[in-house]
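Chains as they are written, first to last, in this note's numbering: chain V, 2 to 412; chain B, 133 to 342.
Rather than coming from a laboratory, the hints here were simulated on the basis of the structure.
One should not assume that every hint holds.
[As the list claims (entries may be wrong)] Distance condition first, Cα-Cα at most 25 Å in a straight line; then the derived DSS-like pairs of lysine-lysine:
(1) Lys385(V) with Lys191(B)
(2) Lys238(V) with Lys138(V)
(3) Lys392(V) with Lys114(V)
(4) Lys205(B) with Lys326(V)
(5) Lys331(V) with Lys215(B)
[Claimed, not checked] Residues from chain V that keep clear of chain B, each with C-beta distances beyond 12 Å, as calculated:
(6) Glu161
(7) Asn206
(8) Ala216
Every residue, glycine too, gets a C-beta built ideally from N, C-alpha and C.
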Amino acid sequence: MYKILRKKRIGDIVEELKGETVGLVSTAITQVFPDGLRLESGEILPGPIDVAYETYGNLNEDKSNVILVCHALSGSAHAAGYHRMVDDETFDGATEGWWEDVIGPGKGIDTNKYFVICSNFLGSCYGTTGPTSINPKTGKRYGITFPTITISDMVKVQRELIKQLGIEKLLAVVGGSMGGMQALEWSVMYPEIVESVIAIAATANCSAQNIAFDAVGRNAIISDPNWGNGEYLEKGKVPSKGLSIARMIGHITYLSEKSMDLKFGRRFINGKTYDVDDIEFEVESYLGYQGEKFVNRFDANSYLYITKAMDYFDLPEKYGNGDLKEVFKKIRSKLLFISFTSDWLFPPSESLEMVSAALAAGKNVSYINIESINGHDSFLIDTKIESETMKAFLNSTFLGAQKGEKVYGES
Amino acid sequence: MERVRKDFEIIERIIEKGSRVLDLGCGSGELLSYLKEKKGILSVGIEIDTDEVIKCLSKGLNVIQYDINKGFKDKSLLEIEDKAFDYVIVSKTIQQLKSPGLLLEEVLRISRNAIISFPNFGYYKLRLHLLLKGKMPISSELPYSWFDTPNIHLFTYKDFVNLCKTKGIKIKKTFFISRILNKEVCTEILPNLLAEEVITVLSYEDSSNR
Numbered sequence: 002m003y004k005i006l007r008k009k010r011i012g013d014i015v016e017e018l019k020g021e022t023v024g025l026v027s028t029a030i031t032q033v034f035p036d037g038l039r040l041e042s043g044e045i046l047p048g049p050i051d052v053a054y055e056t057y058g059n060l061n062e063d064k065s066n067v068i069l070v071c072h073a074l075s076g077s078a079h080a081a082g083y084h085r086m087v088d089d090e091t092f093d094g095a096t097e098g099w100w101e102d103v104i105g106p107g108k109g110i111d112t113n114k115y116f117v118i119c120s121n122f123l124g125s126c127y128g129t130t131g132p133t134s135i136n137p138k139t140g141k142r143y144g145i146t147f148p149t150i151t152i153s154d155m156v157k158v159q160r161e162l163i164k165q166l167g168i169e170k171l172l173a174v175v176g177g178s179m180g181g182m183q184a185l186e187w188s189v190m191y192p193e194i195v196e197s198v199i200a201i202a203a204t205a206n207c208s209a210q211n212i213a214f215d216a217v218g219r220n221a222i223i224s225d226p227n228w229g230n231g232e233y234l235e236k237g238k239v240p241s242k243g244l245s246i247a248r249m250i251g252h253i254t255y256l257s258e259k260s261m262d263l264k265f266g267r268r269f270i271n272g273k274t275y276d277v278d279d280i281e282f283e284v285e286s287y288l289g290y291q292g293e294k295f296v297n298r299f300d301a302n303s304y305l306y307i308t309k310a311m312d313y314f315d316l317p318e319k320y321g322n323g324d325l326k327e328v329f330k331k332i333r334s335k336l337l338f339i340s341f342t343s344d345w346l347f348p349p350s351e352s353l354e355m356v357s358a359a360l361a362a363g364k365n366v367s368y369i370n371i372e373s374i375n376g377h378d379s380f381l382i383d384t385k386i387e388s389e390t391m392k393a394f395l396n397s398t399f400l401g402a403q404k405g406e407k408v409y410g411e412s
Numbered sequence: 133m134e135r136v137r138k139d140f141e142i143i144e145r146i147i148e149k150g151s152r153v154l155d156l157g158c159g160s161g162e163l164l165s166y167l168k169e170k171k172g173i174l175s176v177g178i179e180i181d182t183d184e185v186i187k188c189l190s191k192g193l194n195v196i197q198y199d200i201n202k203g204f205k206d207k208s209l210l211e212i213e214d215k216a217f218d219y220v221i222v223s224k225t226i227q228q229l230k231s232p233g234l235l236l237e238e239v240l241r242i243s244r245n246a247i248i249s250f251p252n253f254g255y256y257k258l259r260l261h262l263l264l265k266g267k268m269p270i271s272s273e274l275p276y277s278w279f280d281t282p283n284i285h286l287f288t289y290k291d292f293v294n295l296c297k298t299k300g301i302k303i304k305k306t307f308f309i310s311r312i313l314n315k316e317v318c319t320e321i322l323p324n325l326l327a328e329e330v331i332t333v334l335s336y337e338d339s340s341n342r
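Using the sequences and the accompanying hints, generate a full structural model.
See the structure below:
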């Protein structure tokens with residue numbers, strides 16, 4: 002998810018993009034739940050819990066301009082701007098935020114108007130407590146002894162962070178994919194805090210097919226001999242093969258048939274070798290590269306925990322006795338759903354299902370289905386209409402909230 | 133100040149305060165904004181065009197991007213419950229749909245009332261155009277050439293009344309809009325000849341359930 006800009010120096014980037022980027026940023030780390038957190042599973046995660054987060058823009062006087070951005074599976078708190086990255090002794094490089102196209106001055110999520118917060122979620126490996134963290138009780142890394150977490154546990158940690166920052170109301174909770182799941186769970190768990198939700202390329206629950214893909218990914222990791230019952234960090238060996246295969250499978254589901262055809266087609270790297278164990282096709286080589294890149298930046302146990310949390314996610318089962326309409330009856334937020342035509346992981350039909358249920362529950366709901374060929378990843382790539390849509394929605398929601406506009410379906 | 137469109141005025145008078153209103157083919161949301169302001173209605177628009185959808189969002193309207201031709205019954209698409217709305221408005225859109233008859237049934241399934249407005253192909257100027265020029269009529273209401281018009285189902289007021297009769301739909305109210313000296317006025321005389329646009333209020337119910 003990180004775009005590493007090796008060719009450019011950070012100073013040049015910030016100068017070049019002056020007024021179009023939040024510029025040089027860094028991730029802050031704070032601690033919440035000093036006495037630990039009771040998780041949805043019933044287990045207690047010992048405190049304090051570290052939370053990594055970034056903020057962009059300025060908080061207004063009545064603290065009414067706060068937008069919380071939730072990241073997806075492999076994302077981090079670094080959503081916008083640039084991190085200084087010292088590549089080696091001689092070169093000063095930069096990493097770009099994963100939603101730099103969307104968050105910034107004058108952009109879809111306009112940092113001239115809004116105060117934007119993005120935090121790394123619980124269980125991840127980018128600063129917030131997760132399997133790579135040290136268990137304060139044992140002084141050792143959690144590894145596979147990290148308790149099983151859910152999306153709502155992640156949301157609880159985010160809620161605590163917001164509270165610590167002195168914020169009591171969120172103009173919007175925005176997220177794509179698994180970020181959309183967090184945004185939706187926010188609106189159900191804390192209806193009085195969340196003014197609006199933008200759920201992009203999301204779903205109310207993972208389908209059997211989604212779970213199947215995740216299961217294959219987890220299997221790949223667990224079957225890697227280096228995984229060694231999850232204690233690989235202690236032993237200094239990393240299940241790179243397993244994690245890499247998991248990423249390759251994931252990556253296939255993020256693209257579309259058409260985008261793969263356009264990118265690789267049936268092309269060979271160096272013609273046919275008639276060698277079965279050779280990497281011959283361009284698409285093969287690309288996936289291998291994606292897998293390798295991922296191994297360098299992600300933790301295998303985190304991958305297990307996060308995909309499990311995603312598979313457990315089931316709004317209708319958890320809050321509506323199986324009925325999604327009942328779930329939406331509990332919320333007060335304005336809803337905006339965004340889907341992409343070529344997304345087959347969380348397809349438009351799943352967004353429409355949520356739109357239908359929200360409509361039946363009598364809620365303020367809007368929906369846009371954006372034309373694109375880039376599959377599930379579209380929300381990170383095809384950001385033009387996505388940004389315009391969010392900008393229009395956030396603008397009118399902000400104005401409406403200032404005027405104290407009545408929430409639809411409330412008497 | 134911009135003059136309010138005649139059809140907006142009429143539709144505003146039909147709808148009670150606080151009604152739940154769905155506008156099918158809501159465009160940039162002009163009518164819904166007007167109704168929201170005047171009547172404080174709880175509104176939703178459905179529109180297929182991306183730019184129009186974004187315009188609706190800017191106005192703070194609820195809008196759903198969707199192709200009305202697909203109906204509202206399919207569970208894997210946009211599904212709307214029976215009688216979810218008090219009024220469904222189909223403003224100058226019905227002549228553009230693939231199956232206007234089926235849509236009419238769908239509208240009255242999801243809503244207690246329907247407000248359907250349409251250009252009357254029986255309007256005398258259109259008749260004269262065809263009679264004297266022998267070509268498909270073009271007017272301010274129907275400005276397209278026959279080969280690139282979105283208006284694929286043109287019909288007269290009388291045709292519409294017949295359709296409602298065969299489907300057992302009651303026409304509760306009708307407003308005929310004509311143009312005199314470039315000003316829109318309501319007319320009652322020889323409507324199928326003099327009305328350029330017709331607005332009807334429909335319902336399945338026998339008693340006028342207002």
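Taking the hints in turn, this is what the structure says about them:
Restraint check: the Cα-Cα separation between Lys385(V) and Lys191(B) comes to about 20 Å, which is no more than 25 Å; the hinted pair holds. The straight-line distance between the Cα atoms of Lys238(V) and Lys138(V) is roughly 24 Å, inside the 25 Å bound, and the hint therefore holds. Distance restraint check for Lys392(V) and Lys114(V): the Cα-Cα separation of roughly 11 Å lies within the 25 Å cut-off, and the hinted pair is therefore satisfied. This hinted pair checks out: Lys205(B) and Lys326(V) have alpha carbons roughly 16 Å apart, not beyond 25 Å.
Between Lys331(V) and Lys215(B) the alpha-carbon distance is near 22 Å, which keeps this suggested pair within the 25 Å criterion. At the 12 Å boundary, the C-beta of Glu161(V) stays outside the reach of chain B, the nearest C-beta of that chain being 32 Å off. Distance check for Asn206(V) against chain B: the nearest CB is about 15 Å away, which clears 12 Å, and the non-interface claim stands. Every CB of chain B lies more than 12 Å from the CB of Ala216(V), the least distance being 24 Å, so the non-interface label holds.
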